[in-house]
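Residue numbers (full-length UniProt numbering): 1 to 210.
To be clear, the hints were calculated from the coordinates, so they are not data collected in a lab.
All C-beta atoms in this analysis are idealised placements derived from N, C-alpha and C, irrespective of residue type, glycine included.
Check the hints yourself; a few may be wrong.
As the list claims (entries may be wrong) - What follows is a list of derived Cβ distance ranges for each label pair:
| # | residue 1 | residue 2 | range |
| --- | --- | --- | --- |
| 1 | Val125 | Pro83 | 19 to 27 angstroms |
| 2 | Asn166 | Lys140 | 22 to 30 angstroms |
| 3 | Thr194 | Leu13 | 18 to 26 angstroms |
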Amino acid sequence: MSDSTPPPTLPALTDFACFCLYGLTDNPYRQAADVARFGQLYDLVVGPHGGVGVGSTLHPYQLVSPAGVTVWYAAFAQLYAQPGRDALFGALIEEQARYVVVPPASFADFHVWPDARLTSAANPVFSHYIPFVLPLLVRKGPGALRWDTEAAAATAEPERFRTYRNAVNEALRFVQPQPAFVLGFAGFDEQHPTRLIDRFIAAKPLLGAL
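Could you put together the complete structure from these sequences and hints?
Structure follows, in structure tokens:
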């Protein structure tokens, strides 16, 4: 007698949201295999939401391949290709599990988008304060992300948010040591990728005071 139980439905990429920590450093392309510390950083920034972290920081011009594939898509594809993907995705959905994947070596190559504002030729300041991004692929859900909760409280408790941001910077040290620092946390829209560049450009006035 055959088993009539239907196979589990695996989530699609559209069931996830593309987020990233972004900041400035002296070396944007660094990789780290410390899963425990990555989990601590994920908890601090995202909270109790299942997801996939990319075990590498990258320059924004490394986030999209010449073929148009984003590092978030590559991370999802790597998890989907695992032999035990049913169990992996099941834990991600039911237990808010977190996984770390290393992006393919092809993402080490720089691919300057049509928007070249982050090049040193366009903005020399970014040859000293070099942009970096830590990508996170987060399972969509009703709960607020930890960063958003802390940011919402910033108006009433600005000191609390400064303390929180300092904690995020310290949690990041395993992959981005000093002098790297976080500017913010944001979604990435592959239909409008230059919005991420806008965030770095908006930070330029702050850099003259550092």
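Verification of the hints:
1. Val125 - Pro83: 19 to 27 angstroms: violated, 47 angstroms
2. Asn166 - Lys140: 22 to 30 angstroms: Taking Cβ atoms as reference, Asn166 and Lys140 lie about 29 angstroms apart, which means the hint holds.
3. Thr194 - Leu13: 18 to 26 angstroms: About 21 angstroms separates the Cβ atoms of Thr194 and Leu13, which means 18 to 26 angstroms holds.
In the structure shown, a violation is registered for the earlier hint numbered 1 alone.
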